[in-house]
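Engineer: Letter by letter, the chains look like this.
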Amino acid sequence: MPILDQLPGAIRSALPAEPLFSARTDLLNDGLFGEQWLTVTETEITVWNVSGSPLTTIAVEELKDARAVSGIGGGTLLADTASGPVVVVRYTAALTSIFGFAAKLLSSIAKGEERPTLSEKELPQQCPKCRNPLQEGTQTCPVCKNNGKVILRMLGYAKPYKLQMAAAAIMLIITTLVELIPPYLTKVILDDVLQPKNTGSKLMWIVIGLAATSVTMAVMQTLRGLIGVWVGSKLMGDLRRDIYDALMRLSLAFFDRRQTSQFIGRVNSDSEAMRQFMTDGIIWVTGESLKMIAIFAIMFNLSWKLTLLALLPMPLMVVFSLTLWPMIGRRWYQQWRSIFRLNVLVGDSLQGIRVVKAFGQESTEISRYQAANQDVVRNNIRIEGLWQGMFPLFSLVAGAGTLLIWYYGGWSVLKGEISIGLLIALITYLGMLLGPLQWVSQMINWASHAISAADRVFEIMDTPSEVPDTRDPAVIGRVKGAVQFSNVTYGYEKHHPVLKNIDLNVAEGEMIGLVGHSGAGKSTFINMICRFYDTDTGHITIDGVDLRNISQTDLRKQIGVVLQETFLFDGTIAENIAYSKPDATPEEIMRAAKIANAHDFIVRLPDGYDTRVGERGHRLSGGEKQRVSIARAIIHDPRILILDEATASVDTETERQIQEAISRLVKGRTTFAIAHRLSTLRNANRLVVLERGKIVEVGTHEDLLEKEGIYFKLVEAQKEMSQIKGVESA
Amino acid sequence: MKDPYEIYILEPERISFSRGPGGVFQGVVDGKEYEEIIVHRAFPFLYTTQFISVRDAKEEEIGVIRDIAQLDEESRTEMERELQFRYFLPRVTRVDSVKHRTDLWIWELQTNLGPTRLVMRNLHEHMQFPGGSRIVLTDMNGKRCEIGDWKALDSHSRKQLRDVV
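Protein chains in written order, with our numbering: chain A, 1 to 730; chain B, 1 to 165.
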């Protein structure tokens with residue numbers, strides 16, 4: 001038996017033998033935070049306090065069953081004993097999985113069943129070093145992870161463009177060096193030409209020199225700018241592509257838990273922030289720091305005493321930057337979040353615009369928007385305000401250095417220690433230093449903005465797919481379509497299984513009707529066949545090959561779905577029908593539509609098969625969309641077909657047409673169909689009745705009617721309903 | 001006969017709750033004894049002590065209590081405790097620190113149930129604002145804490161919160 005945390009010595013020594021199981025709780029029995037220990041041995045279950053004295057003991061022979069009762073944000077392990085239920089321990093949600101296992105273990109001990117083994121999924125995911133929780137499916141702890149990695153990883157995107165970047169860098173170096181020439185020339189003019197009143201050709205040459213530097217700088221800057229734009233756009237493209245790839249790769253479970261409209265903003269604005277940092281940011285930083293070094297070198301050469309004076313305010317600026325850095329990062333994130341909330345709000349109300357209009361709630365939506373909008377305004381002022389305040393402050397501090405040089409440098413000139421030209425050159429150089437120093441704060445801004453964007457982007461990229469593809473997929477070719485469920489259990493949240501111990505053998509070409517109340521697990525059942533989710537225990541095979549060993553592309557090629565909510569993409573009807581087979585010929589498309597009973601209505605449309613559907617295009621009725629999606633499934637020509645309530649919410653005539661289409665579609669394919677109208681499942685070879693995640697009845701329509709079980713009741717209830725409807729319509 | 005489509009409001013004088021010897025919440029409703037009772041808040045954010053759905057061990061609803069203030073003293077105390085167990089939502093009394101370490105936001109908090117620490121992957125998915133100045137924090141494992149009114153916290157806490165709210 002696995003032991004999670006090291007059991008304290010005091011408790012271990014109080015036990016007669018090594019316990020079967022032990023775990024630490026994070027709550028006391030009165031609900032306060034604190035630690036307790038649970039140990040399970042062959043004879044008793046004991047709860048200990050931290051110092052090792054037992055608090056409760058339950059003898060195993062008294063135990064009848066055990067349950068983990070989950071509350072909100074925490075749970076309780078309950079033992080059913082001969083004298084009623086007993087609270088064993090309480091814990092927070094962090095430990096749900098491990099005490100869920102404890103309940104299973106205790107229950108199996110009580111009933112004398114085979115004992116479960118602890119799977120990795122049930123261990124709390126914690127970093128061994130810092131005890132912070134780990135993301136599911138990863139072993140690297142984000143806290144212990146190296147901080148610079150985000151930046152390094154971001155820079156990885158610049159790698160393919162290193163040649164261009166190098167060219168830009170070289171130009172940058174040249175510009176920087178050239179930029180440093182004019183002040184020196186000024187010094188020469190002052191000291192060698194103007195003061196000695198030298199009327200030779202020297203002045204001419206120096207001015208030509210100045211002009212040459214200006215021209216070189218202009219050319220270099222233009223070239224560098226062009227390269228920057230080119231590299232930047234490419235980088236953005238790469239980033240966007242990767243984010244979108246990552247989104248598409250993620251499993252359905254990821255999207256179940258999130259609002260999808262948020263990703264639109266992420267793909268665009270986050271990649272822009274990263275791009276800005278990498279092109280403008282990096283180039284500026286290298287350029288400006290280079291400049292700084294060069295300026296210092298020259299200044300030291302000219303007069304090291306005065307240079308040291310000018311450096312006095314520097315430490316102050318460094319301290320400033322260090323304290324402001326984290327604050328700016330947070331405020332950027334805050335600003336991002338308020339925009340994010342605003343976007344979600346807009347996305348929500350626009351998607352539901354019909355409901356908004358139907359209930360006349362425009363003004364409520366406007367005021368909701370207004371509140372979120374004010375939030376954005378407030379945060380915007382906070383971050384931009386901070387920013388605006390920082391800039392002058394930096395200049396002021398840096399300017400203090402110039403004042404010092406003017407004063408002491410002035411004295412030195414008066415005393416004849418240095419020349420006027422030297423003083424002017426020093427001051428000009430110092431002025432040039434101000435630029436880079438201000439960029440330090442701009443850089444802080446960019447970098448923190450970019451890092452927080454990169455954090456979010458890499459979060460998406462790093463989220464492991466919950467249904468990973470196997471490294472070495474089995475070659476399945478065209479399958480026959482025999483599907484087998486062996487002891488399958490699955491829950492969207494691990495401790496609330498929606499499907500429990502499902503065993504089912506489906507022969508190739510068989511049609512299975514799934515029947516049950518809503519929430520019985522029908523949709524989950526078909527989701528499992530598509531492998532939108534992986535089983536928690538047990539496995540599903542197609543032609544004897546485990547689903548996990550089939551690559552998902554291969555699998556989906558074999559499976560066709562017609563779902564309750566038909567979704568048509570923005571594009572023509574023809575494109576939608578040919579979605580899974582873009583190279584389908586027009587004839588194939590028409591043939592598929594014909595089988596789906598869609599050909600006639602499509603041809604009657606003014607634009608025929610070229611009618612645009614989807615968000616902005618021609619609006620098809622529910623039944624029409626349904627038939628287009630059937631045609632889509634037909635052209636896909638799958639071996640396994642999944643129909644999820646394909647005839648919900650359409651009138652009787654349309655239903656008949658869809659039914660017809662479906663009966664042609666299912667021919668020769670293994671089919672799983674869900675329907676609320678039981679009459680539509682009459683052609684099914686077998687009906688599987690699900691109740692609370694378990695298969696309760698299997699058989700043909702007639703078998704099950706004879707049995708007078710749950711199916712019989714469902715049919716009776718529907719008959720009653722249709723009679724009521726009949727009366728109403730009469 | 002109860003109308004199955006009507007909310008059945010429990011009369012305060014016909015119900016009583018207590019805690020069994022094993023620490024399990026139990027009670028008597030309309031003269032019937034229940035060895036184990038499960039309670040749900042119908043509006044966990046808005047009305048924490050009102051509209052409590054009382055259910056048996058199989059989670060079938062027995063009825064709804066309009067306000068637990070109407071109950072007798074023992075019943076009320078036990079009900080409050082049970083709600084606190086089931087809705088594990090410690091109230092934050094002080095925010096010691098909110099730190100951002102690479103990918104994680106780490107909150108060190110003092111609550112009415114003792115000190116604790118929440119770890120979040122980001123803020124935008126783990127902070128909820130149910131209205132007013134209330135904040136509900138949920139950490140990566142589903143552990144939750146509530147800040148009743150962040151503007152009413154001490155100045156140190158407010159300072160910690162200012163840039164994350």
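Hints listed in this document are in silico derivations from the structure and should not be mistaken for laboratory results.
Hints are supplied without guarantee of correctness; some may be wrong.
Claimed, not checked - In silico DSS-like links for lysine-lysine, alpha-carbon gap of 27 Å or less:
#1 557(A) with 581(A)
#2 234(A) with 149(A)
#3 694(A) with 594(A)
#4 557(A) with 594(A)
#5 99(B) with 32(B)
#6 667(A) with 581(A)
#7 581(A) with 480(A)
#8 159(A) with 234(A)
#9 415(A) with 111(A)
#10 719(A) with 694(A)
#11 111(A) with 58(B)
#12 625(A) with 357(A)
#13 713(A) with 58(B)
#14 500(A) with 58(B)
#15 104(A) with 500(A)
#16 32(B) with 149(A)
#17 151(B) with 694(A)
#18 305(A) with 500(A)
#19 305(A) with 149(A)
#20 719(A) with 64(A)
#21 159(B) with 64(A)
#22 58(B) with 104(A)
#23 162(A) with 149(A)
#24 64(A) with 99(B)
Here the structure is a predicted model, which means the values were calculated and not measured.
Engineer: Evaluate each hint against the coordinates.
Structural biologist: Hint by hint, here is what the structure shows:
no.	hint	verdict
1	557(A) with 581(A)	10 Å, holds
2	234(A) with 149(A)	22 Å, holds
3	694(A) with 594(A)	39 Å, violated
4	557(A) with 594(A)	22 Å, holds
5	99(B) with 32(B)	52 Å, violated
6	667(A) with 581(A)	20 Å, holds
7	581(A) with 480(A)	20 Å, holds
8	159(A) with 234(A)	12 Å, holds
9	415(A) with 111(A)	102 Å, violated
10	719(A) with 694(A)	25 Å, holds
11	111(A) with 58(B)	20 Å, holds
12	625(A) with 357(A)	24 Å, holds
13	713(A) with 58(B)	22 Å, holds
14	500(A) with 58(B)	18 Å, holds
15	104(A) with 500(A)	14 Å, holds
16	32(B) with 149(A)	64 Å, violated
17	151(B) with 694(A)	50 Å, violated
18	305(A) with 500(A)	82 Å, violated
19	305(A) with 149(A)	40 Å, violated
20	719(A) with 64(A)	43 Å, violated
21	159(B) with 64(A)	53 Å, violated
22	58(B) with 104(A)	18 Å, holds
23	162(A) with 149(A)	19 Å, holds
24	64(A) with 99(B)	47 Å, violated
The structure fails to meet hints 3, 5, 9, 16, 17, 18, 19, 20, 21 and 24 from the earlier list, while all remaining hints are met.
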